[in-house]
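Chemist: Sequence:
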Amino acid sequence: MSNLQRLTKAKIAAILASRFSDGFKSLKELPNPFELHDMDRASERIALAVKNRERIVVIGDYDVDGVVSTALMEEFFEIINYPVKVIIPNRFSDGYGISPKILERIEANVIITVDNGISAHEAADICKQRGIDLIITDHHTPGDMLPKAFAIVNPKKSVCSFAYPEICGAQIAWFLIGALKAKMGLSIRMAEFLDLLALAIIADVMPLVSINRPLVQKGLEMLSRSNRPAFEAVRAYLGKSHFSAEDIGYGIAPRINSAGRMEDATVALRFLRAHTLSEASNNWLILDNFNQIRRQTESETTEEAISMVNPEDPVIVVAGDGWHEGVVGIVASRLVDRFKRPAIVLSIEENRAKGSGRSIGDVNLFELLDRCKMHLDGFGGHKMAAGLSLEAKKIDLFREAICKEASKLPSEMFLPKEQIMGELPISEVDWELMEILSSFEPYGEANSRPKFLMKNLSVVESKAIGADKNHLRLILADGNVRLQAIQFGFDKMVDIGQRVNVTGTLQINEFNNQRSIQFLIDYIE
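Residue numbers (full-length UniProt numbering): 1 to 525.
Calculated from the structure, these hints are not laboratory results. No experiment lies behind these values; they were computed from the predicted model shown. Don't take each hint at face value.
Stated by the list, open to error - The list that follows gives simulated cross-link-like pairs (lysine to any residue, SDA-like), each with its CA atoms no further than 20 Å apart:
#1 LYS156 x VAL363
#2 LYS51 x LYS156
#3 LYS148 x PRO100
All chains, please: the whole structure from these sequences, using the hints.
Modeler: Next comes the structure, spelled out in structure tokens:
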């Protein structure tokens with residue numbers, strides 16, 4: 001860390017500004033929905049279906065992006081007073097996305113998928129045989145062949161020249177609503193959906209630059225004052241009136257995700273689409289309970305998985321009998337954080353293995369899986385996250401193959417993206433700096449909250465706090481300048497008078513209507 005640059009407020013502002021060099025700043029600059037390939041064809045067919053009173057079914061996905069996408073479409077059709085059936089597949093009984101199993105219980109003229117469908121070849125063939133027009137809207141990376149659907153709206157299609165491919169499923173659903181508004185001559189305010197849209201963009205870890213940044217900025221602003229019962233319930237439960245991207249990513253999104261992980265995402269849809277505060281509050285409490293169960297299950301599975309890791313493998317592949325399918329993706333993320341390499345976690349049931357993978361740095365997990373697809377029954381996803389299935393007896397062969405492919409990659413590709421911006425003198429920490437930092441919010445993927453190193457500080461106060469005394473509160477000083485600091489889940493006590501180096505982030509602490517600057521410590525040495 002000795003090579004880190006010494007920072008000033010001006011340097012920090014310049015570094016943060018350089019993250020937004022594409023110049024995209026305003027919602028007024030948003031692209032036309034029809035710039036997405038097949039959007040004209042898709043919206044034309046849906047408009048015709050509405051005109052002719054045909055049966056329309058919307059099929060979503062069980063994560064936050066999929067649930068929000070479904071909620072957006074359901075809300076749109078409710079606004080125009082047109083009856084549609086919406087289905088969110090059950091992870092355990094239906095599997096992912098549109099599938100032959102789901103189609104068995106559907107009667108429709110038109111099916112619209114949101115946040116899924118780009119690899120649904122078999123389902124597309126069945127739709128064709130049954131005379132159902134399938135409209136796929138998805139943002140996941142397509143394979144070599146596209147499903148034989150009526151229309152496919154996906155910014156990652158090779159024939160699509162849409163300028164902003166790094167968008168989530170809910171954004172494509174939102175653009176579809178915009179296209180339908182134009183096709184059908186509707187007077188709908190597209191901004192009314194931005195509170196939901198911000199939730200999906202953040203939860204699906206989209207880069208918070210370019211087109212996504214102003215959408216999330218406006219969405220967070222709306223979410224903080226939204227009269228949507230779901231967000232009224234969240235504000236009441238968390239006791240907050242203003243939400244940051246981190247509040248969404250670490251507080252709200254995991255609870256919404258937990259329904260699909262642990263049981264059925266329909267609860268999450270009912271929460272977002274609640275028409276009364278009472279209905280929203282009841283469903284929020286169910287989600288909160290699911291999340292507590294999820295955390296316990298995740299913790300137990302992570303412990304087991306860690307014990308199986310071979311430290312020599314460039315890609316971690318671990319599998320367990322009966323591991324809960326709903327937590328394997330989170331466990332993979334925990335392994336990536338701990339071992340600093342891609343991780344794949346598989347649950348084995350009746351000789352079949354199904355699971356999720358997460359990547360790190362510049363390692364493209366989707367490409368690695370594509371090179372090992374001879375061992376897989378199926379896979380899908382994108383660079384940083386993917387799902388896969390295979391026969392349990394092929395796990396060892398698959399592990400060997402993916403490790404062989406990963407070993408060909410340069411070691412720099414495995415370096416985590418998150419880095420320390422530089423060394424920050426404590427004298428630079430004041431309200432002017434906090435204003436600079438807040439002006440570059442929201443922080444998240446591709447716009448990480450700046451992490452600083454502060455060196456050779458004296459510990460003036462040191463106290464264990466919290467119900468379990470597992471958090472550390474410090475007062476740090478350099479000469480006459482002092483700074484409050486806190487470390488959650490600390491490992492060891494720090495003595496008063498000790499000299500320390502700390503890395504972490506700056507935040508504003510609000511308590512009893514008092515605001516203070518606080519350093520959130522990641523690491524002390």
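Chemist: If any of the earlier hints don't hold here, list their numbers in rising order.
Modeler: Result: hint 2 breaks, nothing else.
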